[in-house]
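Visitor: Sequence:
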Amino acid sequence: MIPAEFYAAVSRLLASEFFYLKTIPMTIGFIGLGRVGRALAVKSVQAGNRVILSNSRGPDSLTSYVAELGPLACAGTVAEAAQAEVVFLAVRWADISSALQGLPSWNNRIVVDTNNPILSDGTFVDLGEKTSSELVATQLPGARVVKAFNSLFAAWIEDEPVQPAGKRVVFVSGDDVEAKHTVKELIAAMGFAPIDLGGLVEGGRLQQAGQPLAALNLLLTN
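Residues 0 to 221, numbered by numbering that gives the first Met the number 0, are exactly what the sequence shown covers, in order.
FYI, nobody ran anything at the bench for these hints, they're computed from the structure. Quick caveat: nothing in here was measured; it's all calculated off a predicted structure. Every residue, glycine too, gets a C-beta built ideally from N, C-alpha and C. Among the hints, erroneous ones may be present.
Stated by the list, open to error - Label-pair distances were calculated between CB atoms; the ranges are:
no.: 1; residue 1: VAL161; residue 2: ALA213; range: 16 to 26 Å
no.: 2; residue 1: GLN100; residue 2: GLY127; range: 19 to 29 Å
no.: 3; residue 1: ALA66; residue 2: GLN210; range: 35 to 45 Å
no.: 4; residue 1: GLY198; residue 2: GLN138; range: 14 to 24 Å
no.: 5; residue 1: GLU128; residue 2: ALA66; range: 41 to 51 Å
no.: 6; residue 1: GLU67; residue 2: GLU128; range: 40 to 50 Å
no.: 7; residue 1: HIS180; residue 2: GLU201; range: 39 to 49 Å
no.: 8; residue 1: GLY127; residue 2: GLY69; range: 43 to 53 Å
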């Protein structure tokens, strides 16, 4: 059953500017370039944003992919990508700690957590009473963490967000209102319909894998 919070969030979206928003160029960093990271990098560039791409193998491994994305894309180290205005964290759950190791304080920059607590063999990680983003946030000192895109399969992110029946919904959760505003602007500029579920704990729990709003391919009509 879809929670009542979802319907309230839809009403807020339709009354806001985000449903009609156009591109707002920014510089976006990517830590991790698996299927989700690549899909979001493509959508970011299509929306007119600059992207700094990074992975565990170093910038030289990304030369051909940067060329595919064009002049708005460049490759960098993880530390360089982490200096962007907004950073997408798109590595596998088991790789989060190693990907973030050695990075300095985030100094209030925004990190979009796209992860779910799932191992490569499909096993769900038992987090007890914690949500995945609560645990990720402990590894991002000084960051404003926003949860987004984790409830969608990679194929849905790769697909055109604007369909004949409406715009594909992306759930968003976070405690910092300004950070969520910025992320919702980016999501809307990509063509998706951002739905604000509230804080990182309560909203993040609803959209986490295995929870009521996970793996829903929803379209929002005008």
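Visitor: Next step is simple, just say for each hint if it's right about the structure.
Guide: Checked hints:
no., hint, verdict
1, VAL161 x ALA213: 16 to 26 Å, "holds (23 Å)"
2, GLN100 x GLY127: 19 to 29 Å, "holds (24 Å)"
3, ALA66 x GLN210: 35 to 45 Å, "holds (39 Å)"
4, GLY198 x GLN138: 14 to 24 Å, "holds (19 Å)"
5, GLU128 x ALA66: 41 to 51 Å, "holds (46 Å)"
6, GLU67 x GLU128: 40 to 50 Å, "holds (43 Å)"
7, HIS180 x GLU201: 39 to 49 Å, "violated (18 Å)"
8, GLY127 x GLY69: 43 to 53 Å, "holds (44 Å)"
Hint 7 from the list above is the single one not met by this structure.
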